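Engineer: Residue numbers (the numbering used here), protein chains in the order written: chain A, 1 to 584; chain B, 1 to 326.
None of these hints come from the bench; they were simulated from the model.
All values reported here derive from a predicted model rather than from experimental measurement.
Among the hints, erroneous ones may be present.
[Claimed, not checked] Examples of chain A residues toward chain B, derived with CB under 8 angstroms:
{"#": "1", "residue": "Pro-65"}
{"#": "2", "residue": "Tyr-67"}
{"#": "3", "residue": "Thr-75"}
{"#": "4", "residue": "Lys-121"}
{"#": "5", "residue": "Ser-122"}
{"#": "6", "residue": "Val-126"}
{"#": "7", "residue": "Lys-132"}
{"#": "8", "residue": "Asn-191"}
{"#": "9", "residue": "Lys-192"}
{"#": "10", "residue": "Met-193"}
{"#": "11", "residue": "Glu-195"}
{"#": "12", "residue": "Arg-198"}
{"#": "13", "residue": "Thr-210"}
{"#": "14", "residue": "Ser-507"}
{"#": "15", "residue": "Glu-509"}
{"#": "16", "residue": "Asn-511"}
[Said to hold, decoys possible] Derived lysine-lysine pairs resembling DSS-like cross-links, with alpha carbons at most 27 angstroms apart:
{"#": "17", "chain 1": "A", "residue 1": "Lys-556", "chain 2": "A", "residue 2": "Lys-502"}
{"#": "18", "chain 1": "A", "residue 1": "Lys-132", "chain 2": "B", "residue 2": "Lys-221"}
{"#": "19", "chain 1": "A", "residue 1": "Lys-531", "chain 2": "A", "residue 2": "Lys-556"}
{"#": "20", "chain 1": "A", "residue 1": "Lys-107", "chain 2": "B", "residue 2": "Lys-260"}
{"#": "21", "chain 1": "A", "residue 1": "Lys-2", "chain 2": "A", "residue 2": "Lys-32"}
{"#": "22", "chain 1": "B", "residue 1": "Lys-255", "chain 2": "A", "residue 2": "Lys-132"}
{"#": "23", "chain 1": "A", "residue 1": "Lys-180", "chain 2": "B", "residue 2": "Lys-221"}
{"#": "24", "chain 1": "B", "residue 1": "Lys-260", "chain 2": "A", "residue 2": "Lys-224"}
{"#": "25", "chain 1": "B", "residue 1": "Lys-235", "chain 2": "A", "residue 2": "Lys-132"}
{"#": "26", "chain 1": "A", "residue 1": "Lys-456", "chain 2": "A", "residue 2": "Lys-443"}
{"#": "27", "chain 1": "B", "residue 1": "Lys-84", "chain 2": "A", "residue 2": "Lys-215"}
{"#": "28", "chain 1": "B", "residue 1": "Lys-288", "chain 2": "B", "residue 2": "Lys-210"}
{"#": "29", "chain 1": "B", "residue 1": "Lys-230", "chain 2": "B", "residue 2": "Lys-200"}
{"#": "30", "chain 1": "A", "residue 1": "Lys-132", "chain 2": "B", "residue 2": "Lys-288"}
{"#": "31", "chain 1": "A", "residue 1": "Lys-215", "chain 2": "B", "residue 2": "Lys-260"}
{"#": "32", "chain 1": "A", "residue 1": "Lys-132", "chain 2": "A", "residue 2": "Lys-107"}
{"#": "33", "chain 1": "B", "residue 1": "Lys-235", "chain 2": "A", "residue 2": "Lys-178"}
{"#": "34", "chain 1": "A", "residue 1": "Lys-224", "chain 2": "B", "residue 2": "Lys-230"}
{"#": "35", "chain 1": "B", "residue 1": "Lys-235", "chain 2": "A", "residue 2": "Lys-215"}
{"#": "36", "chain 1": "B", "residue 1": "Lys-230", "chain 2": "A", "residue 2": "Lys-180"}
{"#": "37", "chain 1": "B", "residue 1": "Lys-255", "chain 2": "A", "residue 2": "Lys-107"}
{"#": "38", "chain 1": "B", "residue 1": "Lys-200", "chain 2": "A", "residue 2": "Lys-132"}
{"#": "39", "chain 1": "B", "residue 1": "Lys-255", "chain 2": "A", "residue 2": "Lys-224"}
{"#": "40", "chain 1": "A", "residue 1": "Lys-531", "chain 2": "A", "residue 2": "Lys-494"}
In this text, a Cβ means the ideal position worked out from N, Cα and C, and glycines have one as well.
Here are the chains, one letter per residue:
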Amino acid sequence: MKPSTLLLIYLFLAIAGGLGVFYYQSTVPDNKEISNDVTQRLLTIDGLNSDIGELVLRSRYNLDPNYDSLTRSATLLDQSIESFGEAYFSTEGVSDPMLVKSFEKLKSEVMIQRDLIESFKSHNSVLRNSEKYAPAAGQSLMSIAKEAKLDDAEQLYGSLVRELLAYSLLGSSFSIEKIKVALPQLVELENKMPEFSRVSMFEFGRHIETVINEKELTDQYLSKVLLSTSDSQIDELSQGWSQWLLSNSGQQSFLKQLNIAYISFLLVGLAFVTWRLRNLYQHLDHEVAVQTEEVKKAFDELKESETKLVQSEKMASLGQMVAGVAHEINTPLGYISSNVDTIRLNMGELDGILKSIDMISVEISESKPNTKKIGSIVKRMVQVYRRMRQRETLSEIEDLLKDSSYGLSEISNLVGSLKDFSRLDRTNAVDTDIHKGLEATLKICKNLIGERKVVKSFDHQMPLIECMPAQLNQVFLNIVTNSAQATDKDGTIKITTKRVGKGIEISFEDNGEGMSANGMKQIFDPFYTTKDVGQGTGLGMSIAYKIVKSHGGEIKVKSEIGKGTQILVQLPLQQSQAELSVIK
Amino acid sequence: MKKASEPVYLMKLIKTSCFFGLFLLSQAYAGQEPITPIPNQVDVDNRKVQLGKKLFFDTRLSFDNSISCASCHDLETGFGADGKQFSDGVKGHQGTRNSPTVFNASLNFKQFWDGRANDLAGQARMPVTNPLEMGMASWTDVIAKLNKDAQYPQEFKAIFGGPISEDGIVAAIAEYEKTLITPNSPFDQFLLGNESAISKQQKQGYELFKTYGCVSCHQGKNVGGNMFQKIGVLKDINLQTGSLNEDLGRYLVTKNEWDKRVFKVPSLRLAVKTPPYFHDGSVKTIEKAVDIMIEFQLGRAVPESDRAAIISFLESLVGEIPEGVY
């Protein structure tokens, strides 16, 4: 598998893991906050529940003259349950089925209780009214019966009022039995009692019945309210919550572990990346070292090839010089050689004369000189001489020797110039007359210059300058060669020297083809050449530039296409120590 | 686990001990009056009140822009009701129960005659889309209408931090209705110790109100409004000559047999000012209403003098309408 694929998978896992942990964290509720809130809510609900029990009792026994407090607590309980449900058991709330079930149980219990309370309130009101009114009505009937002297009726009303009071206050079942027995007797009294009390009697009977019925109902509702299982439901819910929170804390610790695992996963990734980076750096260091080595090698090679090129340029210059010199030497050598041949031919006739002289001296030294023989030898000798004189052989020999002598002096001159030019004997910077160098150069280039006119405008007050003459001569040779090559056969090369401040200035001007601005810019660049391939190395002017610079001088070019080129060389009189070392 | 439930047990212990304390205390207060004064002040959010007030009087809450809350709950001349047996709805419809006064409605434990709304907001929600009342097709339509208003959208944004909503509308109206109370009635002044605030007849009427047993149900701050009661507990309501037996009341909401003909006990605070009477508005006069109550609820007959005293007591219950509520 590719490393990039692995990285992608790792990144994907890291992001997915992060999101997963985050999502899980969001599903795990904040225990402490929930615990506090739920405890608070359960306390409120429990408190209201207790309040209601108390308030119901107070209402039943007339301690509360109205239902405002009971109604308020019941409403608050409803609202508390409602908001508890909304906070924790709505669609996004707690999903624990046990908890939901026990909350639902509590809620339905409270709803049942609410209905019971309302029923209690209604019946309690009716009961309260009848409990109050029935004894009063009974007593008024008692006094009516007394006035009507109906003892039985009086007694019956009296006992009914007593039993009713006993029943309503003590709830005695004995009393209720007595009342139930007495009630039918009331109907019998209807006809005995005075007419005006009919309504009161009817009301009395109805209120007694109401007390009996309503007390039973009211007390039933009361006991149902009081025996409500809300308490135990609240306990159950509270315990359920505790358990749920405990299981939550399990989730919390799992979350903690999950976080640690995730962080470890990230750390592993980080370590891996660090390791890879370290390897990469090491590899990079190695690479750089290798590359540096290669560059150094290439540089060395370049340097070597540059040296070789410079050498070959030197060789080329030398070759050119040798060619020029050979031509210069060849001409005198030619006519000297032909002169010598002519002289040798002429020498044959002289040889005959000399032989004749020898033969005469041999005849003379004989005891008997043969005068005849001598005479014929002399005659022949004179004939030869006359013939020689006639042909001016002797003066010719004279001339030829003279001529040859001149040729030899020319050669000697040239060799001298060669010596001046190369100065092979000098390796240090020496005080030099640069005019000598210029002359030697021109002489060496004579062949190349040919018919071109060389105008020398030398400053005769020119001082000697400290330099390496052989190197400067090479500069001159390169410049003059270029000038000669750039000009027509009848062109002009003007060389001017003059002293300027602490240095000298040598100007080479020609009326040749000139060069473009681009050419001027590149003229000193190595390998820049306008000549045909094989004709020039492109190093000539570059080497000239180097040499002048190493002498602490300047070399400048001015040129115009069609008009000609001027090369200006400026050199100091003295070399500084540093520059001297460079020159060496 | 123990930790979480301990406070609950502790609380119970405290409650139980408090019960005995309160029991003793209540003995001392046994002579306490069953009716208590209406508070002078209510704690409300003024911005919501102002918004609710605008909405209360806004006829755009009805289908044809003809009816506002104030149409049936006339604050200026009707003491929070319209004096009609049944209020007029849109398209000539009429309601099926008498409109009660909106004053002191906040003191009622539940709203509507049958108590089907738990609070004021729950009440305000219903008439708007009731076809017999304001007749809007849906709350979405209401919101769309109100959104065309120049101010409502900004006001809702400022108060509720969002666009106009059903919950916001009813909450604002409910908040306004909380300010509609009638404190400082002569009887409340009397309760607070001003013996001369009510007349001798009214004092007598109050005693009769208690001895006849009216106070069994009509008690508390609102002289009623905190419980349900069946109409005709001591005498069968079918024996009444009017129509009071026709409506099954809370049974229609709960379907519990015992809720048949059970209604919320209405407040008597403004009873003398808001005829007609009972859930169907079938009784025109307060005298007749008192007669019916004493006959069918208390199982008695009432002499005219007693009745007059009771009615004069009821007159002392009428408080002051706070300034600036309409």
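Engineer: Each of the hints needs a verdict: does it hold here or not?
Structural biologist: Hint by hint, here is what the structure shows:
Given hint, A:Pro-65 at the interface with chain B, holds; its Cβ is 4 angstroms from that chain's nearest Cβ, closer than 8 angstroms. With 8 angstroms as the threshold, the beta carbon of A:Tyr-67 comes within range of chain B, its nearest partner Cβ sitting at about 5 angstroms, so the hint holds. Because the closest C-beta pair between A:Thr-75 and chain B is about 6 angstroms apart, less than 8 angstroms, the hint holds. A least Cβ separation of about 4 angstroms between A:Lys-121 and chain B falls short of the 8 angstroms threshold, and the interface hint therefore holds.
Hint status for A:Ser-122: holds, given a least beta-carbon distance of 5 angstroms to chain B, under 8 angstroms. At a threshold of 8 angstroms, the smallest CB-CB gap from A:Val-126 to chain B is about 5 angstroms, leaving the interface hint in force. With 8 angstroms as the threshold, the beta carbon of A:Lys-132 comes within range of chain B, its nearest partner Cβ sitting at about 7 angstroms, so the hint holds. For A:Asn-191, the interface hint is violated, since its Cβ never comes within 8 angstroms of a Cβ in chain B; the closest pair sits about 21 angstroms apart.
At a threshold of 8 angstroms, the smallest CB-CB gap from A:Lys-192 to chain B is about 22 angstroms, leaving the interface hint violated. Violation of the interface hint for A:Met-193 is found here, the shortest Cβ-Cβ separation to chain B being roughly 17 angstroms, above the 8 angstroms cut-off. Annotation: A:Glu-195 was flagged as interfacial toward chain B, and the flag is violated, the nearest CB pair being 15 angstroms apart, outside 8 angstroms. The closest approach between the C-beta of A:Arg-198 and any C-beta of chain B is roughly 11 angstroms, which is over the 8 angstroms cut-off, so the hint fails.
Contact between A:Thr-210 and chain B, as hinted, is supported at the beta carbon level, the nearest pair being about 6 angstroms apart and thus within 8 angstroms. Evaluation of the A:Ser-507 hint against chain B yields a violated restraint, the C-beta minimum of about 93 angstroms exceeding 8 angstroms. About 94 angstroms separates the beta-carbon of A:Glu-509 from the nearest beta-carbon of chain B, more than 8 angstroms, and the hint is not met. Of the supplied interface hints, the one on A:Asn-511 is violated, with its beta-carbon coming no nearer than about 95 angstroms to a beta-carbon of chain B, more than 8 angstroms.
Of the pairs offered as hints, the one joining A:Lys-556 and A:Lys-502 holds, with about 18 angstroms between alpha carbons and a cut-off of 27 angstroms not exceeded. A hinted pair counts as satisfied when its Cα atoms are at most 27 angstroms apart, and A:Lys-132 with B:Lys-221 qualifies at roughly 23 angstroms. Among the hinted pairs, A:Lys-531 with A:Lys-556 is consistent with the structure: their alpha-carbon atoms are about 21 angstroms apart, no more than 27 angstroms. About 25 angstroms separates the Cα atoms of A:Lys-107 and B:Lys-260, which keeps this hinted pair within 27 angstroms; it holds.
For the hint pairing A:Lys-2 with A:Lys-32, the CA-to-CA distance comes to about 48 angstroms; that exceeds 27 angstroms, so the pair is violated. Pair hint B:Lys-255 plus A:Lys-132 does not hold up; C-alpha atoms about 32 angstroms apart against a cutoff of 27 angstroms. Using a Cα cut-off of 27 angstroms, the hinted pair A:Lys-180 and B:Lys-221 is violated, with the two alpha carbons roughly 39 angstroms apart. Proposed proximity of B:Lys-260 and A:Lys-224 is supported: the alpha carbons are some 21 angstroms apart, at most 27 angstroms.
As the CA atoms of B:Lys-235 and A:Lys-132 are separated by approximately 18 angstroms, the hinted pair is consistent with the 27 angstroms bound. Distance hint between A:Lys-456 and A:Lys-443 is fulfilled; the C-alpha atoms sit about 13 angstroms from each other, no more than 27 angstroms. For the given pair, B:Lys-84 sits about 39 angstroms from A:Lys-215 by alpha-carbon distance, which is inconsistent with the 27 angstroms threshold. Of the pairs offered as hints, the one joining B:Lys-288 and B:Lys-210 holds, with about 19 angstroms between alpha carbons and a cut-off of 27 angstroms not exceeded.
In summary, the hint linking B:Lys-230 to B:Lys-200 is not supported, as the alpha carbons are separated by about 33 angstroms, beyond the 27 angstroms threshold. With a C-alpha separation of about 25 angstroms, the suggested pairing of A:Lys-132 with B:Lys-288 holds against the 27 angstroms cut-off. For the hint pairing A:Lys-215 with B:Lys-260, the CA-to-CA distance comes to about 20 angstroms; that is within 27 angstroms, so the pair holds. Taking the CA atoms of A:Lys-132 and A:Lys-107, the gap is near 37 angstroms; set against the 27 angstroms cutoff, the hint is violated.
For the hint linking B:Lys-235 to A:Lys-178, the alpha-carbon distance of about 25 angstroms falls within 27 angstroms, and the restraint holds. Only pairs whose Cα atoms come within 27 angstroms are accepted, and A:Lys-224 paired with B:Lys-230 is accepted, the gap being roughly 20 angstroms. Simply put, B:Lys-235 and A:Lys-215 have alpha-carbon atoms about 17 angstroms apart, close enough for the 27 angstroms limit, and the pair holds. At roughly 26 angstroms between alpha-carbon atoms, B:Lys-230 and A:Lys-180 fall within 27 angstroms of each other, so this suggested pair holds.
Proximity of B:Lys-255 to A:Lys-107 is assessed by CA-CA distance (about 20 angstroms); at most 27 angstroms being required, the pair is judged to hold. This hinted pair checks out: B:Lys-200 and A:Lys-132 have alpha carbons roughly 24 angstroms apart, not beyond 27 angstroms. A C-alpha spacing of about 21 angstroms is found between B:Lys-255 and A:Lys-224, which places the hinted pair at or below 27 angstroms, so the restraint holds. Between A:Lys-531 and A:Lys-494 the alpha-carbon distance is near 22 angstroms, which keeps this suggested pair within the 27 angstroms criterion.
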